[in-house]
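Engineer: Given chain Y's structure and the hints, the job is docking chains R and Z onto it.
Note that the protein sequences, when read in sequence, are chains Y, R and Z. Every letter in the first sequence is one number past the one before it in the numbering used here, and letter 104, counting from 1, is 104. Every letter in the second sequence is one number past the one before it in the numbering used here, and letter 168, counting from 1, is 168. Every letter in the third sequence is one number past the one before it in the numbering used here, and letter 22, counting from 1, is 22.
Bear in mind the hints are in silico, worked out from the structure with no lab data behind them. Keep in mind it's a predicted model, so treat the numbers as computed, not measured. Yeah, the Cβ is synthetic: ideal placement off N, Cα and C, and Gly gets one too. Any given hint could turn out to be false.
Computed footprint of chain Z on chain R, listed as stretches where at least three residues anywhere in the stretch have a Cβ under 8 Å from a Cβ of chain Z [unchecked claim]: (1) 50 to 58; (2) 76 to 89; (3) 132 to 141; (4) 176 to 182; (5) 208 to 218.
For the chain Z half of the interface with chain R, some residues (derived, Cβ under 8 Å), not all of them [unchecked claim]: (6) 41; (7) 128; (8) 252.
Some chain Y residues well away from chain Z (every beta-carbon gap over 12 Å; in silico) [claimed, not checked]: (9) 20; (10) 75; (11) 207; (12) 221; (13) 246.
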Amino acid sequence: MPADIYVLDGVSFEYGPSAPALREVNLTIAQGESVALLGANASGKTSLLRLLAGLASPTGGTITAFGLPLTAETLRDRGFAAAFRRRIGFVFQNADAQLFSPTVAAEVAFGPLQLGLEEAAVAARVHDTLALLGLEHLAERAPFHLSGGEKRKVAIASVLSLNPDVLLLDEPTTGLDPRSRAWLVRFLRTLRGAGKTIITATHDLDVVGRLADRAVVLGEDHRVWNDGPVGAVLGDRGLLIRANLTEPEPL
Amino acid sequence: MHIPDGYLSPSTSLVLTGAMLPVWQQAAKKVSTRFDSARVPLIAIGAAFSFVIMMLNVPVPDGTTAHAVGGTLLAIVLGPWATSLALSVALLLQALFFGDGGILAFGANAFNMAFLLPFTGYAVYRLIRGRAGVGTGRYYAAAAIGAYVGINLAGLATGFELGIQPALFHTASGAPLYSPYGLKVALAAMGFAHAAIAGPVEAIVSVLALGYLHRTQPALLGEGVPTGRSQTIPAGVSPAGSSPGAAGSSRADLRRLLLPLAVLILLTPLGLIASGTAWGEWGLDQIKEQLGFVPTGMARFAERWPSLFPDYSLPWAHGRFGEIAGYVLSGVIGLILIAAVAAVAVWLSRRRGHADSGRNRFAL
Amino acid sequence: MPTPDATASPSDRLPEWLSSSPSGDAGEVPRPRRSGRRTDAFLDRTLAEFAHATRHAVFAEEVARRDGLLQRLDPRVKLGGFVALVLAAAVARSPVTLALLTIATLAGATASRLPFGFLARRVWLPVAVFAGIMALPATLNLITPGPVALRLPLGAAVTRPGLRGASLLVLRASASATLAAVLTLTTRWDRLLAAAQGAGLPPAFVAVIDLAYRYLFILMGAALETFEARKARTVGALRLAQNQGFVAAVAGATLQKARVMSEEVHAAMIARGYDGTLRLAPHPPLGTGGVLGLAALMASAYIVFILDRILVALGA
Chain Y
1 MPADIYVLDG VSFEYGPSAP ALREVNLTIA QGESVALLGA NASGKTSLLR LLAGLASPTG
61 GTITAFGLPL TAETLRDRGF AAAFRRRIGF VFQNADAQLF SPTVAAEVAF GPLQLGLEEA
121 AVAARVHDTL ALLGLEHLAE RAPFHLSGGE KRKVAIASVL SLNPDVLLLD EPTTGLDPRS
181 RAWLVRFLRT LRGAGKTIIT ATHDLDVVGR LADRAVVLGE DHRVWNDGPV GAVLGDRGLL
241 IRANLTEPEP L
Chain R
1 MHIPDGYLSP STSLVLTGAM LPVWQQAAKK VSTRFDSARV PLIAIGAAFS FVIMMLNVPV
61 PDGTTAHAVG GTLLAIVLGP WATSLALSVA LLLQALFFGD GGILAFGANA FNMAFLLPFT
121 GYAVYRLIRG RAGVGTGRYY AAAAIGAYVG INLAGLATGF ELGIQPALFH TASGAPLYSP
181 YGLKVALAAM GFAHAAIAGP VEAIVSVLAL GYLHRTQPAL LGEGVPTGRS QTIPAGVSPA
241 GSSPGAAGSS RADLRRLLLP LAVLILLTPL GLIASGTAWG EWGLDQIKEQ LGFVPTGMAR
301 FAERWPSLFP DYSLPWAHGR FGEIAGYVLS GVIGLILIAA VAAVAVWLSR RRGHADSGRN
361 RFAL
Chain Z
1 MPTPDATASP SDRLPEWLSS SPSGDAGEVP RPRRSGRRTD AFLDRTLAEF AHATRHAVFA
61 EEVARRDGLL QRLDPRVKLG GFVALVLAAA VARSPVTLAL LTIATLAGAT ASRLPFGFLA
121 RRVWLPVAVF AGIMALPATL NLITPGPVAL RLPLGAAVTR PGLRGASLLV LRASASATLA
181 AVLTLTTRWD RLLAAAQGAG LPPAFVAVID LAYRYLFILM GAALETFEAR KARTVGALRL
241 AQNQGFVAAV AGATLQKARV MSEEVHAAMI ARGYDGTLRL APHPPLGTGG VLGLAALMAS
301 AYIVFILDRI LVALGA
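Same shape as in the complex, but just chain Y (with noise of 0.2 Å):
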């Protein structure tokens, strides 16, 4: 039986008095799941994503993790966030912020840098990583430099270079041309194979069906409309309609 990664009760979150993006939420996430977080824009997802990421703390309810309280308080032990931020990659929805050193390459060996590895096994990290996503010609080109999707693939460069169990991605197929979106989904499924959890926030129904196996649809009013099997939450048009997730007639 596979752990539970996530364990979400009642979960509520807001930006202030009257600004509410989560309404009591209960989720459970194991291992080796692939989640798709359905919603229109302001449903949530996002603060939802961020919420699982640990960098911010509900205002109500709350979210255990690897079977640990994880809050404000409790990531502030060093010891424990360090741990918690090793197994989770989050994928930023703009990847330009993400993107902090000077080169790809010193990007890319940020994480590993930190956990303390020898220069040789940071340096075939880095090299193992840009081949896998084809970089290597930029590693030392600036970020800032770079094409959107190629900072797309820098972004997630820099995640996966950490090794996590866990990828959050918000948004990940905004903006990439045809032949970059399948091969972004064909590089999930090869992780999801590794074993790794996949979380993704889309409102992209071309992806969903072939990226995750189980769709969480929150609805406008920050609510948890539907959980359950993506091939049965794709077919129910009505409820893709209401979620504001297609459009009620043809165009």
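Structural biologist: Same frame as chain Y, now just chains R and Z:
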């Protein structure tokens, strides 16, 4: 270093705001671009940038954090005049929209951080950099030292402005109306804080940020030796059209800007009016009075370092006159030293600018 | 010719270290301990400052939309009145004056749907406490000599002028801060700017401040995300120098974004007819209500001034 409202008298604020008016006016004239319409977004976004920089927490050795202002960094990239405008607007936003730093005190804060800091920092940077290319060791050393000197001067000026308050503004019974700490305490506190903490932070952030820019986007920093034409100019900003009056008018500007400084320096002797000894600066006899004895360690070391002006008095002049003269002299000498460093740096860097082509509109 | 994004075929076989899961090389997640070593403060503090600034701005916009007494006044009236009142606070010599002024300001705020307790707690208190701590050593005879109010050991003493000076500083700083907060919270920032322009601020400066405020949040958002991304990848300890390097890199990256943004904004403005002089929407004329409001505020400032003189003469 932001001074809130209530710590400075309205007259001090007025004087410093008045000192800034010609600076702003001149800056508005000097920041000309190929398209006049590019000026506004350039400075506006420079201001937004400064605001963000001032929010960054930089880790320091003892585990806490400190803030940088980035005035010299900006002056190196955008030029000191554009920087003075951008920083002034950032300070205004902080005061008006976020309650950081006083509104009446805005002029004083602008004088310290949007004028003294970037201009001194830039002058020292130009002086030390000489003809070294971008990205060389000397370039970074110049930036670091410029940033350090700039922020220390700003810090000392802040200390000075705060320090003259109790002597100048108090009730009949001697209660201070605004900041209660006299010159000695204020200057010492500010001087130390900036020399030991804020200065190194400013220098480090400036150097590292320039290094990052040099690696990722060298065009932003210009190339090669600074001459009138190739001085760092952001895209969209034109190289200077040569204005024949530039050299002469910039000297006049300098005179105008130094005037407020001179006035402030002349007001130093008013510190004399504050009687009593600053806290912690007791001599052995005062310690004996208070404690009833003198700790042996203190007694042993007290005579070991004869100071130039013991008790701020002149050894050869005695009595009340000696006290006063000594006090004035030591204070004035201290300030003159600071001003001299800045003035020499400015003068020398301007001479070099002249030697190049005299057409660098970002030179002072 | 494949597009740069496509990258013909990145290896589909995962390297050995990546295909071992879960966390083959990482062991168990340790229980969080209260007494454990704390995480880097500089990341959290910067994130907290960003969050605070955003919250403040959002809150200010919301308060300015409420229907209260001060919100209904013309911003030019408020600006003029505010300047007068702050000046009155700046020249006051009696702590009593400042205390009364603060209470009156908080009362005015309450009438503008700004709860008394809220402002008192969030604005008045922190400023007062900070000033109090600053002024504490100055109450001693070592800094401010004079008649003794309270004797302390070792020959030190709290003096009466020292106490008065400290109370003046605390009350003045907090009164000014409260006045500023009430002004900025009850006035929409764009109308405040327009009022400043009406008061003589050159249009170019107004345009700059206007744009700067808008784009502040975009730049802040970008820097914020970089800090978050860094926080999400903090898996070990870096040396101080490396952490400082990170902060400087964010500064540099923000400068690059700022430069790009300035060109884009310029292009957008040109495309909409901007030629170098910003033309703002004109203000409606002041009206009787406005004039009366201004007169009332000016009169209040004058009353504060006179009251102060009387109180000082009475020895308060």
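Engineer: Count the residues of the stretch 132 to 141 of chain R with a beta-carbon closer than 8 Å to any beta-carbon of chain Z: does the count reach three?
Structural biologist: violated (count 0)
Engineer: Minimum C-beta separation from residue 207/Y to chain Z exceeding 12 Å: can you confirm that?
Structural biologist: Nearest chain Z Cβ is 16 Å from residue 207/Y, so the label holds.
Engineer: With a cut-off of 8 Å on the beta carbons, see whether residue 128/Z makes it to chain R.
Structural biologist: violated, 10 Å
Engineer: At a Cβ distance under 8 Å, does chain Z reach at least three residues of the stretch 76 to 89 of chain R?
Structural biologist: As far as the stretch 76 to 89 of chain R goes, the hint holds, because 3 residues have Cβ atoms under 8 Å from chain Z.
Engineer: Is the claim that residue 75/Y lies outside the interface with chain Z correct, judged by CB distances over 12 Å?
Structural biologist: violated, 7 Å
Engineer: Does the no-contact call for residue 20/Y survive, Cβ to all of chain Z over 12 Å?
Structural biologist: holds, 14 Å
Engineer: For the stretch 50 to 58 of chain R, count the residues whose Cβ lies under 8 Å from any Cβ of chain Z; is that count three or more?
Structural biologist: holds (count 7)
Engineer: Checking a non-interface call: every C-beta of chain Z should be farther than 12 Å from the C-beta of residue 221/Y. Is that right?
Structural biologist: holds, 21 Å
Engineer: For the hint on residue 41/Z, just tell me whether its beta-carbon gets within less than 8 Å of chain R.
Structural biologist: For residue 41/Z, the interface hint holds, since the closest Cβ of chain R sits about 6 Å away, which is under 8 Å.
Engineer: Classify the label on residue 246/Y as holds or violated, using whether its beta-carbon is more than 12 Å from each beta-carbon of chain Z.
Structural biologist: holds, 27 Å
Engineer: Hint check: is the beta carbon of residue 252/Z less than 8 Å from a beta carbon of chain R?
Structural biologist: OK, holds: residue 252/Z within 8 Å of chain R, min 4 Å.
Engineer: Quick check: do three or more residues in the stretch 176 to 182 of chain R have a beta carbon closer than 8 Å to a beta carbon of chain Z?
Structural biologist: Holds: 7 residues of the stretch 176 to 182 of chain R have a Cβ under 8 Å from chain Z.
Violated hints, in rising order: 3, 7 and 10; the structure is consistent with all others.
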